[in-house]
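J.: Residue strings, one per chain:
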Amino acid sequence: AQSVTQPDIHITVSEGASLELRCNYSYGATPYLFWYVQSPGQGLQLLLKYFSGDTLVQGIKGFEAEFKRSQSSFNLRKPSVHWSDAAEYFCAVGVGGSNYKLTFGKGTLLTVNP
Amino acid sequence: EPEVTQTPSHQVTQMGQEVILRCVPISNHLYFYWYRQILGQKVEFLVSFYNNEISEKSEIFDDQFSVERPDGSNFTLKIRSTKLEDSAMYFCLSPKGGRGYTFGSGTRLTVV
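In the order they appear, the protein sequences are chains P and G.
Per the numbering used here: the first sequence = residues 1 to 114.
Per the numbering used here: the second sequence = residues 1001 to 1112.
Bear in mind the hints are in silico, worked out from the structure with no lab data behind them.
Incorrect hints may appear among the rest.
[Claimed, not checked] Pairs of lysine-lysine, DSS-like flavour, derived with a Cα cap of 25 Å:
{"no.": "1", "chain 1": "G", "residue 1": "1083", "chain 2": "G", "residue 2": "1042"}
{"no.": "2", "chain 1": "P", "residue 1": "49", "chain 2": "G", "residue 2": "1042"}
{"no.": "3", "chain 1": "P", "residue 1": "61", "chain 2": "G", "residue 2": "1042"}
{"no.": "4", "chain 1": "G", "residue 1": "1078", "chain 2": "P", "residue 2": "101"}
{"no.": "5", "chain 1": "G", "residue 1": "1042", "chain 2": "P", "residue 2": "101"}
[Unchecked claim] To spell it out: a stretch of chain P is covered by chain G in this simulated footprint if at least three of its residues, at any positions, have a beta carbon under 8 Å from a beta carbon of chain G; those stretches are:
{"no.": "6", "region": "43–51"}
{"no.": "7", "region": "91–103"}
Beta carbons: idealized from backbone N, C-alpha and C, even for Gly.
With the hints as constraints, model all of the structure from the sequences given.
T.: Printed below as a string of structure tokens:
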């Protein structure tokens, strides 16, 4: 069975600083990988996804993520954080094909200081 | 833009009551998934539904839960006798082929 680990429960950065959120997965085959963002009391917004091909994936809101098979990682990055990026971020892994079952990590809460 | 609409957005119910959460896809979808997120915790898979039957369910999805597609359009999650621990956000995922992984806006269920 697949699993996801997000090592950082809470990260605080200053506005304008760069950001990297870590995600490690466990899955025997080539995974489908996702990052979602959730503001308090809100739903899950898909930031980006990786299925195959180029290992550097661009998403919405200026986010990108890089798939590194050798490290079983899919870290999320943003070069300059905005105050509106404060939210909870979830990494997820899927098996792909016609199976849309996802396994989520526990999330990383991002706080942005002015 | 979400591929599905979930209703209600928020429901408060008394412990022991039955609740029905609805997921309305925009077009003729075949795959339906329910996920749950207890406050402050991660999102967890509950059940998947394809071709009018359950294709997979998690250990969370016990006999208190059921799913159906009563009218060929709406997809419902029923909790027969709610418990306090059922309080959570419930999300529907209903991709139409391709690679749709956009969740519905969710239903916040509060059991009192």
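J.: Next step is simple, just say for each hint if it's right about the structure.
T.: Do the hints match the structure? See the list:
With a CA separation close to 19 Å, the supplied pair residue 1083/G and residue 1042/G stays within the 25 Å bound. Taking the CA atoms of residue 49/P and residue 1042/G, the gap is near 18 Å; set against the 25 Å cutoff, the hint holds. Annotation: proposed proximity of residue 61/P to residue 1042/G holds, straight-line Cα distance about 23 Å (limit 25 Å). The suggested pairing of residue 1078/G with residue 101/P holds, with an alpha-carbon distance near 20 Å, which does not exceed 25 Å.
A hinted pair counts as satisfied when its Cα atoms are at most 25 Å apart, and residue 1042/G with residue 101/P qualifies at roughly 14 Å. Check on the region 43–51 of chain P: 5 of its residues sit with their Cβ under 8 Å from a Cβ of chain G, so the three-residue criterion for coverage holds. Judged by the Cβ-Cβ criterion of 8 Å, the region 91–103 of chain P is covered by chain G as claimed, because 8 of its residues qualify and three suffice.
Going through the hint list in order, the structure satisfies each hint without exception.
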